[in-house]
Amino acid sequence: MLRKQKREKYQDRIELLQGTLDLLILQTLQWGPQHGYGISQTIRTNSGDVLRVDTGSLYPALHRLERQQWIASEWTVSDNQQRAKVYRLTTAGKKQLVSERSRWTQLVEAMGRAMNPAEK
Amino acid sequence: MRRFRRHREEELEEEIASHLHMAIQDRIEQGATPAEAGHAARREFGNGDLVRESVRRVWGGMWLDRLLQDLRFGARMMRRNPGFSAAVVITLAFGIGANIAVFHLWNAVDLRPLPVDKPEELVQVIGKQNGLPQAFSYPWIRDAAMKLHSVQGIAGSGGLPVNEIAVDGRVLTERVEGNVVTGAYFRVLGVPAQLGRIFTEADDRASAPPVAVLSDRFWRREFGAQTDAIGRTFTVNNLRVTVIGVAPPEFFGETIGRAPDLWIPMNMGPQLGMGWMLEPYTAWIEPLARLRPGVRREQAQAELNVLYAVSRHLTLRRGGAVDFRVELKPIGNGRNRFETLSSPLRLLMGIAGFVILIACCNLAGLFLARSAARTHEMGVRLATGATRSRLVRQMLTESLMLAAIGGSIGFLLGTWGSRGLVALATTGSVLRLYPNVDSRVVLFAASLTIASACLFGLAPICSGARKTLNSALSAGLRTHTGRFEHRLARGFVVAQLSISLVLVAGGLLLVRSFWNLFNQDWGYEKSHILEIDFAFEPDVIGKLHSEDYRRLLLGKLSAIPGVFSAAAASEGPLAGVRQDGKFSTLERPAHSGDKLYYVQVSSRYFETMTIPILSGRPITEQDMHRSAQVAVISETAAKKFFGDANPIGRSFTNGDYFVSAAAIRVVGIARDLHHQDPREPFLPLVFRPLNQGRFVSPPSWFVRTHDDPASTIPAVRAAVKELDHNLHIDRVHPWKEVIVSKVREERMLAWIAGGFGVLALVLACVGIYGVVSFGVNRRTRETGVKLALGATRGQVRGFFLREAAVLWLVSIVIGGVCAFVLLRWTRSVLFGLTPYDPTMLVSALLLLGAVTLAGAYLPARRAACLDPMNALRQE
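Chains as they are written, first to last, in this note's numbering: chain Z, 1 to 120; chain B, 1 to 875.
Errors might be hidden in some of the hints.
As the list claims (entries may be wrong) - With beta-carbon atoms standing in for the labels, derived distance ranges:
hint, chain 1, residue 1, chain 2, residue 2, range
1, B, I90, Z, P117, 27 to 37 Å
2, B, A446, Z, P117, 34 to 44 Å
3, B, R80, Z, P33, 19 to 29 Å
4, Z, W75, B, V817, 55 to 65 Å
5, Z, P117, B, E10, 51 to 61 Å
Unchecked claim - Where chain B lies over chain Z, by a calculated footprint (3+ residues, C-beta under 8 Å):
hint, region
6, 22 to 29
7, 35 to 46
8, 107 to 115
No lab work stands behind these hints: they were computed from the structure. As the structure is a prediction and not an experimental result, all values here were calculated from the model. Think of the CB as a built atom: it goes at the ideal place given N, C-alpha and C, for glycine as much as any other residue.
Make a model of the complete structure from these sequences and hints.
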């Protein structure tokens, strides 16, 4: 099915904070190693096409996470004989993911309560 | 590194390309044409350059984040182990501080150039007539300044005897040092004024108003560092001078050891009562010159040679001088009054180097013990994802942080301690030294800190690098914990003890040597005597040559209450000047190799200086009036020239042969005394009455007091002033001070080496404590088993003490060998003992043993007092 590419208006783009992008990437890799393109597609799909990560944010994030040794990379050959750099979650990364998720959950709860103070 | 960077860039390109490729493939699969797919994919990808830039920024910025993280981790580790951190910092502070204190002094004396512009262009002008050194006169220098082309300027400076100085009507009591200089002095040296202006040629004229440039120190002290000091006046030797400038803070003149408080143009000499300074026959100046850029010393020397020959009438010519030559010596580091300090300072630097080595061994042991204790923690961290390189890097960061703190404190300690060193180096003299912290000292401190950090930081890294995940996690369960670390720690302790042995032995040798030197029989009493030096002025010298005047002065001095007697000598026993002479008897003409010295003394000299007369009589007042030529000779002289025969009544001549017309009769024998150098054996001395014989330098004056000599000083000053208002005293000081200043190098060495020896012993004790403690902890279960199986506490204690004793034994073997090799260097400074003196070496061994025992005792006792049940239960 052909999807028509709409030019998004500036206001429609949701700016992702650096920390939340890290969380998304780690979460994505939890389901298995992926290359950069795959990660961006997965995030897009899983968020219902809302979160579109642009490459100017994705690749720096990937390299930064790799530097902090939460993900590791290696070059593999894909099925159609193409070389691709594939990232996977490390043990330390798994720990980081767990702590980030709980922090995110807390943040979401807090935001929710702050936005709707009437609810108890 | 560049290959790595290129590889990184290439990989990024490939990654971007593969991303695009996959994006395009996806779109084609969904039905777009290749062209459409390409467009869309690229558009969605965005700006490739932006992507590249942002990734590069990530690559560049990571190191700062990592560093901050490591620093924070290091700080946390330090806070968690305050005792350990404190021990490390204190040990380092003392080790580095010791080195910096010595280096600071060495830098000030030997290494640093004068704080002037381009010191490499400065030369000292040494005149030589017939090969003998001869200074220049003021007229010659002024003439040369006008005629010379190869130099930018030539200037002279000389000491100004400051007899009285008053600021704001207040007479200053502290000793003030002044210099008279030619007009071009500051310009030749390249020293600008901090405030006001420096001298010009116009200031150095008889008609010019009297002006002065102050030193920074003097300006701060007497003028309160006020800018309005310029233009104010004060009086020097009854001449009112105006302040026209203040020299920069680091400037102290051109002589190391002298730091004048004020400079005055030389032409003011006559107005200051020193007309002789400007006379052509007073050749008293050693000029300085600054070469023109590009001119070599040989060229300038050639020009000066010609000038010297041509204008020699303007300066003093020695009788019979035919060869007039000039030698130029580079003087970028200044004239040095501390030459005798150079080799002791180098020795001290070597000793200080050993101290820091000991400190590093100590620290390495500490770090190893801690590293072993953290084995389990390391294992956990490795298991949860840290890499070994990261652990190692964090340990190194912590070591460097501790080193930085220890080094900074050490730096402060060292600069403060160097003041004590300066005091030791200038004891009893008028020399002054103000070391200031310059780039050389800072660089030395920084390199030493980093080198130390590497030395002791390597140990835990070696241990950390060996850890594998398995061994680390299971460490708690086995008893093989830390075996490698313990062995390495023991190795470090042995190294430390060996070096300590050398240091302690050296310290003992130097202390004993000074004790020998100072406490030997000098031939005269050390206390209850005052020495008086009168000002080096022609009028004063002239007066003191007159016998009547001298008698008046001696009488006045003896009459002071509290004074036993007064006397004078052509050279005091420690004046640093010697009069050569010959001694010929009828039986024995003078041999060419004879070394003996003549001294002319007043009556009561021997009783004033407490020199016993062994037989015969001393020089008396009658000898001064009579024409008979008499002398008192020292024991050594008697033995040397008369053998066993009684010299009293015998005669001799001060010449190559005995001449009865010039015969001098021996009337007494004095006990031997040290004349000018306490390090030499007693020399033959001949004492003659003060008016018989020629002497050129002004006499030294002595006063023997009943009580403490220092308390009599004001009375002496008052008495002299009462006698003659214009008889200016340069210095009055207790004789003991003079004696101490004669041996100040040995004294300095004794104090410093002794102090370092004590430091080494303390560090050794700490080191032993650490390593035995470590061993005890390691063997807790084993000890528990032993105790449970019936071993006595004494046996357990003995086990650990024996371990320490083995370390001591090994160290003294290694240390003994090192000592044999290294202590040789102390031979030149030792007095009364050899570097291999058995008493000292054995004492060093025993001291080290005592310290080892002391350090090992507490941990051994702790092991012996273990509760077996608890010990066995320990994991």
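Evaluated hints:
Range check, I90 of chain B to P117 of chain Z: Cβ separation about 57 Å, and the 27 to 37 Å hint is violated. Distance hint check: the CB atoms of A446 of chain B and P117 of chain Z are about 59 Å apart, inconsistent with the given range 34 to 44 Å. As the Cβ distance of R80 of chain B to P33 of chain Z is approximately 38 Å, the hint placing it in 19 to 29 Å is violated. For the pair W75 of chain Z and V817 of chain B, the beta carbons lie near 59 Å from each other, so the given range of 55 to 65 Å is met.
Taking the beta carbon of each, P117 of chain Z and E10 of chain B are about 55 Å apart, inside 51 to 61 Å as hinted. Coverage of the region 22 to 29 of chain Z by chain B is violated in this model, with 0 residues showing a Cβ closer than 8 Å to a Cβ of that chain against a need of three. For the region 35 to 46 of chain Z, the proposed coverage by chain B is satisfied: 5 residues have a C-beta within less than 8 Å of a C-beta in that chain, meeting the threshold of three. Taking a C-beta to C-beta cut-off of 8 Å, the region 107 to 115 of chain Z contributes 0 residues in contact with chain B, too few for the three needed, and the coverage statement is violated.
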